[in-house]
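Colleague: From first to last, the protein sequence lines are chains A and B.
So the number in my numbering is just where the residue sits in the first sequence, counting from 1, plus 129.
So the number in my numbering is just where the residue sits in the second sequence, counting from 1, plus 5.
A couple of the hints might just be wrong.
[What the hints assert, rightly or not] To be clear about the criterion: a stretch of chain B counts as covered by chain A if any three or more of its residues have a C-beta under 8 Å from a C-beta of chain A, and this derived list gives those stretches:
#1 39-46
#2 64-70
#3 75-87
Derived from the structure by calculation, the hints contain no laboratory data.
Yeah, the Cβ is synthetic: ideal placement off N, Cα and C, and Gly gets one too.
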Amino acid sequence: MTVAQHPAGTAQAEAGQLDVARLRHDFPVLRARVNGRPLAYLDNGATSQRPRPVVEAEADFALLENANVHRGVHTLSQRATQRYDAVREQVRGFLNAAEAAEIVFTSGTTAALNLVAQSYARPRLGPGDEILLTGMEHHSNIVPWQLVAAATGARVTVLPVTDRGELDLAALPGLLTPRTRLVAVAHVSNVLGTVNPIRKLADRVHAAGGVLVVDGAQAVPHLPVDVQALGADFYVASAHKMYGPTGVGFLYGRLPLLEAMPPWQGGGGMIQRVTFERTTYAPVPARFEAGTPPISQVIGLGAAITWLQALDWAAVARHEADLLAEATERVAALPGARIIGTAAERVGVLSFVLEGIHPHDVGTVLDLHGVAVRASHHCAQPLMERFGVPGTVRASFAVYNTREEVDQLVDGLREARRVFGA
Amino acid sequence: MTDASELYQSIILDHNRAPRNYRALEAPDRAAEGYNPLCGDQLKVWLKLDGDRIADVSFLGSGCAISKASASLMTTVVKGKTLAEAGRMFDSFHRMVTGAGGPADDLPAKLAVFSGVREFPARVKCASLAWHALSSALRSQAGADPAGSST
């Protein structure tokens with residue numbers, strides 16, 4: 130586990146223990162009771178909870194300052210435009226991109242990947258070209274590329290996953306061919322928690338003449354991300370997995386790449402001049418933001434970044450690593466438990482199965498125990514097949530989780546074993 | 006309901022552990038698949054008919070305890086019934102697990118173990134997966150492709 134200062138993060142006066150109890154004050158939902166027990170929210174990989182400052186920023190904007198962006202000469206519209214563009218600069222800083230124009234707001238990770246697929250890949254690829262994915266991708270980092278492959282005659286190839294849940298880099302030379310135009314990989318696996326070696330991949334992909342697309346949805350809440358240091362050509366993520374609102378995410382793309390890309394969707398806000406004979410397009414990033422964007426959600430994303438950057442990230446990293454290590458150790462110690470994903474470097478996610486009990490049933494028993502987990506294929510069916518399981522139980526952690534919640538998880542699993550006589 | 010044992014009653018656990026009629030039928034008259042894309046649960050139901058009566062029924066598949074036990078219990082209650090009777094059972098079962106109300110008089114008493122499922126909206130599809138496959142098999146034309154699938 131890397132312990133690092135978040136970029137632009139402000140370390141608290143005394144680096145040390147994270148004051149989790151104080152943090153939790155900002156999340157009223159964490160005081161909820163579910164089925165007669167305190168809620169233990171361990172489904173952060175699906176969506177994280179939002180702290181008050183994020184919700185209030187959205188609400189204040191909607192109640193007091195609402196206006197469209199890039200449209201009006203009036204004061205509210207100009208103020209909304211300034212705030213919207215200020216968040217673009219915040220995202221730039223958050224990812225350490227070189228320029229704010231390299232940040233495109235999208236409706237989320239999925240839309241960002243589809244944008245790269247349709248606007249970057251589709252016009253460039255042809256029969257015989259290859260798109261290299263990995264065996265641990267989320268469906269949203271598989272299906273957009275299959276669509277491109279079907280439309281262009283390109284071929285999807287797959288870098289396999291080892292038994293520990295790491296990328297099989299030994300297989301890379303055979304798969305990274307002169308025809309590999311694009312490689313798409315998760316920074317952190319949503320099922321296994323594996324942190325993939327993006328810098329190493331980037332160097333090899335670039336040496337082979339390809340571009341690297343990184344799905345950062347599961348990484349941004351846990352790791353400092355520096356797109357330049359990582360060598361990512363494209364990097365995408367969603368706000369709602371990093372304490373922000375649903376409905377908004379972002380695409381980082383190296384400027385020369387974005388500038389060479391045609392629009393994906395047409396509409397207002399993305400044009401320079403429209404006539405029925407010929408339309409010219411706005412420069413990036415506006416070219417890729419057709420229509421009224423999710424303005425209050427973008428404002429909320431800005432508040433989430435501000436909130437995140439005020440945390441002591443060395444303490445956050447230690448806290449999350451401790452929780453994950455403790456949960457892994459205690460779940461692994463249960464009879465019949467099998468941990469799926471034991472990579473050397475993991476963050477945020479613990480996947481497992483209990484022998485003789487289907488993951489769904491474990492999920493229901495845990496729910497009755499107040500514990501929220503995800504029990505499914507996690508939109509990663511090829512990975513489930515790789516590990517020979519129908520699905521897994523996934524506990525995914527956030528900065529506000531506690532050891533007591535790990536206790537509650539383990540108690541719930543004991544209850545599942547008791548109910549099923551396993 | 007806050008106690009897991011109220012949902013997972015012993016009859017469900019028993020049919021999950023040792024599902025009845027858990028095999029493929031050779032030369033079936035009807036067959037249909039059920040698949041839940043949300044969770045990946047899948048099963049296949051086979052029927053052998055004697056006139057309009059279900060002479061034999063079986064299933065195979067993978068899924069959670071609820072879906073497996075429901076499929077297993079279903080095979081035990083529809084065997085020997087007419088197609089019309091089985092169709093009415095499907096309607097009643099569906100009403101029971103979705104909480105839609107209405108009479109469930111024609112449901113054998115042992116199926117009442119699934120009445121608790123209505124409190125778990127995410128699990129309703131598990132309990133009804135096999136029944137939907139059965140319904141699809143019932144509706145399929147005799148002589149139609151017995152591998153015809155349905156969700």
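Colleague: Hints first: check each against the structure and report whether it holds.
Modeller: A quick look at each hint next to the structure:
1. For the segment 39-46 of chain B, the proposed coverage by chain A is satisfied: 4 residues have a C-beta within less than 8 Å of a C-beta in that chain, meeting the threshold of three.
2. Under the rule that three or more residues need a Cβ within less than 8 Å of chain A, the assignment of the segment 64-70 of chain B holds, with 4 such residues.
3. Counting residues of the segment 75-87 of chain B whose beta-carbon sits less than 8 Å from any beta-carbon of chain A gives 0, not enough to reach three: the coverage restraint is violated.
Violation of the numbered hints given earlier is confined to hint 3; every other hint is satisfied by the structure.
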